[in-house]
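In order, the protein sequences belong to chains P and E. So for the first sequence, my numbering puts the first residue at 2; every next one is plus one. So for the second sequence, my numbering puts the first residue at 85; every next one is plus one.
Hints were generated in silico from the structure; no laboratory data involved. Among the hints, erroneous ones may be present.
[Stated by the list, open to error] Lysine to any residue pairs mimicking SDA-like chemistry, simulated, CA-CA at most 20 Å apart:
1. E:K320 / P:L87
2. E:K320 / P:V145
3. E:K249 / P:Q347
4. E:K328 / P:D351
5. E:K320 / P:A210
6. E:K105 / P:A206
7. E:K328 / P:M135
8. E:K320 / P:Q134
9. P:K188 / E:Y402
10. E:K248 / P:Q347
11. E:K404 / P:G192
12. E:K249 / P:R58
13. E:K105 / P:A84
14. P:K188 / E:K382
15. E:K342 / E:P397
16. E:K148 / P:K354
17. E:K105 / P:S80
18. E:K347 / P:S200
19. E:K105 / P:V145
20. E:K105 / P:A346
21. E:K320 / P:T217
22. E:K404 / P:F131
23. E:K105 / P:D201
24. E:K320 / P:E215
25. E:K320 / P:G192
26. E:K270 / P:D222
27. P:K354 / E:P397
28. E:K179 / E:K190
29. P:K188 / E:N259
30. E:K105 / P:L211
31. E:K105 / P:D222
32. E:K404 / P:A346
33. E:K105 / P:M135
34. E:K320 / P:K354
35. E:K105 / P:G192
36. P:K188 / E:V202
37. P:K354 / E:K328
38. E:K401 / P:D201
39. E:K249 / P:A346
40. E:K270 / P:W348
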Amino acid sequence: MTAASTPTPPGADEAREDGPPAGTDAARHDGTETGTATVRSDERLVHRSLFQRLLGRPELGAVVGAIAVFVVFSVVADSFLRASSLSTVLYASSTLGIMAVPVALLMIGGEFDLSTGVMVTTSSLVSSMFSYQMTANVWVGVGVSLLVTLGIGLFNGYMLVRTKLPSFIITLGTFLMLTGLNLGLTKAISGTVSTKTISDMEGFASARALFASELTLGPADIQITVVWWLGLVALATWLLLRTKAGNWIFAVGGGQETARAVGVPVARTKIGLYLGVALGAWISGQHLLFNYDVVQSGEGVGNELIYIAAAVIGGCLLTGGYGSAVGAAVGAFIFGMTSKGIVYAQWEPDWFKFFLGAMLLVAVLLNAYIRKRAEAKR
Amino acid sequence: MAVALTSAALLAAGCSSSGGKSGEESADGAGGGKGVDTPRMTIAMVSHSGEGDTFWDIVQSGAKDAARKDNVRFDYSHDDEAGRQAQLVQSAVDKKVDGLIVTLAKPDAMKGAVKKAVKAGIPVITINSGGEHSAEFGALSHIGQDEAIAGEAVGDELNERGRKKALCVIHEQGNVSLEERCDGAKKTFDGEMSTLNVDGTNMPDVQSSVEAKLQSDDEIDTVLTLGAPFAATSAKAKEKAGSKAEIDTFDLNAQVVKGLKDKSFGFAVDQQPYLQGYEAVDALWLHSYNANELGGGKPVLTGPQIVTDKDVPRLEKYTKRGTR
Chain P
2 MTAASTPTPP GADEAREDGP PAGTDAARHD GTETGTATVR SDERLVHRSL FQRLLGRPEL
62 GAVVGAIAVF VVFSVVADSF LRASSLSTVL YASSTLGIMA VPVALLMIGG EFDLSTGVMV
122 TTSSLVSSMF SYQMTANVWV GVGVSLLVTL GIGLFNGYML VRTKLPSFII TLGTFLMLTG
182 LNLGLTKAIS GTVSTKTISD MEGFASARAL FASELTLGPA DIQITVVWWL GLVALATWLL
242 LRTKAGNWIF AVGGGQETAR AVGVPVARTK IGLYLGVALG AWISGQHLLF NYDVVQSGEG
302 VGNELIYIAA AVIGGCLLTG GYGSAVGAAV GAFIFGMTSK GIVYAQWEPD WFKFFLGAML
362 LVAVLLNAYI RKRAEAKR
Chain E
85 MAVALTSAAL LAAGCSSSGG KSGEESADGA GGGKGVDTPR MTIAMVSHSG EGDTFWDIVQ
145 SGAKDAARKD NVRFDYSHDD EAGRQAQLVQ SAVDKKVDGL IVTLAKPDAM KGAVKKAVKA
205 GIPVITINSG GEHSAEFGAL SHIGQDEAIA GEAVGDELNE RGRKKALCVI HEQGNVSLEE
265 RCDGAKKTFD GEMSTLNVDG TNMPDVQSSV EAKLQSDDEI DTVLTLGAPF AATSAKAKEK
325 AGSKAEIDTF DLNAQVVKGL KDKSFGFAVD QQPYLQGYEA VDALWLHSYN ANELGGGKPV
385 LTGPQIVTDK DVPRLEKYTK RGTR
């Protein structure tokens with residue numbers, strides 16, 4: 002995230018190969034050529050074949066990794082290829098993916114959020130407890146929860162741009178505070194550490210239809226979270242590649258000072274990204290509530306790393322300025338496939354985490370390898 | 085702004101006529117009246133609980149009820165990391181409390197701190213787990229459930245119900261007492277029992293993992309969860325996977341009681357956490373008031389108690405108020 006004017010070792014950071022000045026079209030197209038091309042003509046005008054363009058996509062490696070993982074489990078696990086199993090895998094992926102997509106956008110913008118895991122829990126707790134305590138229609142709780150969750154995102158973003166401290170520290174603070182608040186407030190209000198059931202309240206059925214129902218699609222039932230997930234991917238991809246805001250996101254992640262110098266509203270972009278994360282947390286949180294009816298206040302801790310992992314597996318750089326929403330979705334899919342595939346394959350359960358870690362590492366290595374090859378070809 | 089408008093509109097749309105706070109019956113709690121007039125004493129409890137565990141809530145409400153009756157100031161602290169739990173014990177010793185209640189989930193890490201407390205003349209009672217180390221560390225008594233015995237009781241119950249193939253769902257990998265429960269059940273169960281590790285802080289993961297397991301093996305006729313919140317989630321997974329398995333669980337909560345009532349769960353194994361908190365505080369009071377010692381050097385067992393739909397009418401209102 003240093004200014005783009007610093008000299009870059011070759012191949013060290015794709016974001017910089019994209020060629021500053023950031024905030025222009027070049028920042029989001031994934032590198033046509035190293036600087037030499039500009040001698041001939043403007044690099045942005047160089048024509049490239051569809052194949053070349055595909056090779057340049059940040060999610061390419063992840064897609065190949067996903068195919069590899071899919072093939073592995075199709076071979077070793079008998080029950081993996083059944084429609085019902087795939088629907089389970091998609092469900093597991095979607096619950097991660099709904100958060101991985103906005104988290105990926107945030108990471109492209111060069112920031113982290115460690116509070117995402119517990120923010121999801123906060124969102125569902127607020128919704129449930131507000132409805133219950135006020136004996137209100139559950140939709141009221143859902144709306145209040147949206148405001149509160151966006152408020153937390155706003156807090157993260159505002160603190161970040163005001164204090165200029167690393168987002169790691171700020172959101173670590175939010176993470177710990179929310180963990181405490183979740184427990185403290187739930188106990189103070191409900192008397193126990195889990196919420197009371199709201200399934201017999203008005204509006205529950207319709208809210209459940211929106212956040213936790215399933216759709217029958219041929220032989221399989223697809224959870225509605227999959228629809229939310231795909232919708233978010235589409236929205237985020239459009240935002241990144243087709244709008245001015247998308248340019249800003251790449252720009253602030255590539256080099257904040259340069260971005261500011263060319264007139265990108267850095268603070269607004271970053272706050273917006275945190276609001277996006279909060280929106281994802283709200284959707285996930287409402288799913289949690291309406292799927293399980295009762296929420297345990299201690300849930301969600303540790304999930305923030307899984308969201309970040311999914312984004313990174315999907316090709317986002319930890320340093321910002323590079324990545325895609327589709328990649329993050331594929332990353333979540335790899336994670337979902339692997340964690341459930343190990344169960345389908347009936348591998349020794351005590352070794353579960355080891356297998357999970359090893360498979361993910363292999364997927365990421367494959368990802369990095371493919372990307373390097375793709376870049377060498379260009 | 086659109087959001088604010090939407091929720092304002094929703095607010096205007098009004099209230100729920102069913103459920104919620106106003107649907108709640110006022111529960112009658114213990115300790116409302118006057119207790120003993122022995123001198124005020126302070127008792128600290130330090131557990132290995134993580135954040136927001138229903139179980140420890142019930143232990144605490146037991147302890148608090150006893151504290152009210154016994155004119156005791158009750159301090160609760162907890163940390164799921166053994167080193168920090170030991171530090172909490174140390175700070176209770178520094179505060180010179182009149183009695184100490186600790187759990188020994190990781191006995192080796194707690195040994196030093198507990199022995200220090202005993203040396204400082206503070207009576208110690210261990211609860212919940214680690215009964216075999218209690219006397220060795222110098223504690224007065226141990227009040228809890230022997231996880232292996234509880235597991236064995238489950239195995240017997242499963243045999244009686246004619247179960248053939250069971251799945252034991254471990255929601256916290258590497259937790260000794262959870263492993264003991266599974267192992268105990270495996271020991272007495274005549275059928276086949278496999279285990280599944282899930283991430284207990286991530287409900288969708290619990291659901292999809294159990295779902296995956298049931299899809300991969302349709303002979304599984306019993307799912308045994310080791311904590312109450314995971315029973316309801318497993319029931320959901322079972323439904324999605326189209327499995328006929330019976331859901332049985334350790335520990336109780338309101339959802340489990342509801343499930344027992346409508347027969348979506350087979351049975352629950354209760355270790356009566358309320359008793360662990362209540363008896364521990366009361367035993368320390370008895371020790372100070374009357375020099376009593378409970379258990380004769382052996383652990384005092386608070387479970388297992390097998391609970392089925394027949395017990396539901398009695399239990400329902402107690403789980404709702406959070407004491408069962």
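Here is what the structure says about each hint:
no. : hint            : result
1   : E:K320 / P:L87  : holds, 17 Å
2   : E:K320 / P:V145 : violated, 28 Å
3   : E:K249 / P:Q347 : holds, 15 Å
4   : E:K328 / P:D351 : violated, 26 Å
5   : E:K320 / P:A210 : holds, 16 Å
6   : E:K105 / P:A206 : holds, 19 Å
7   : E:K328 / P:M135 : violated, 39 Å
8   : E:K320 / P:Q134 : violated, 26 Å
9   : P:K188 / E:Y402 : holds, 17 Å
10  : E:K248 / P:Q347 : holds, 18 Å
11  : E:K404 / P:G192 : holds, 10 Å
12  : E:K249 / P:R58  : violated, 48 Å
13  : E:K105 / P:A84  : violated, 42 Å
14  : P:K188 / E:K382 : violated, 35 Å
15  : E:K342 / E:P397 : holds, 10 Å
16  : E:K148 / P:K354 : violated, 39 Å
17  : E:K105 / P:S80  : violated, 45 Å
18  : E:K347 / P:S200 : holds, 18 Å
19  : E:K105 / P:V145 : holds, 17 Å
20  : E:K105 / P:A346 : violated, 46 Å
21  : E:K320 / P:T217 : holds, 17 Å
22  : E:K404 / P:F131 : holds, 19 Å
23  : E:K105 / P:D201 : holds, 12 Å
24  : E:K320 / P:E215 : holds, 13 Å
25  : E:K320 / P:G192 : violated, 26 Å
26  : E:K270 / P:D222 : violated, 34 Å
27  : P:K354 / E:P397 : violated, 42 Å
28  : E:K179 / E:K190 : violated, 23 Å
29  : P:K188 / E:N259 : violated, 25 Å
30  : E:K105 / P:L211 : violated, 24 Å
31  : E:K105 / P:D222 : violated, 35 Å
32  : E:K404 / P:A346 : violated, 40 Å
33  : E:K105 / P:M135 : holds, 7 Å
34  : E:K320 / P:K354 : violated, 24 Å
35  : E:K105 / P:G192 : holds, 12 Å
36  : P:K188 / E:V202 : violated, 32 Å
37  : P:K354 / E:K328 : violated, 29 Å
38  : E:K401 / P:D201 : holds, 17 Å
39  : E:K249 / P:A346 : holds, 18 Å
40  : E:K270 / P:W348 : holds, 19 Å
Of the numbered hints stated above, those contradicted by the structure are hints 2, 4, 7, 8, 12, 13, 14, 16, 17, 20, 25, 26, 27, 28, 29, 30, 31, 32, 34, 36 and 37, listed in ascending order.
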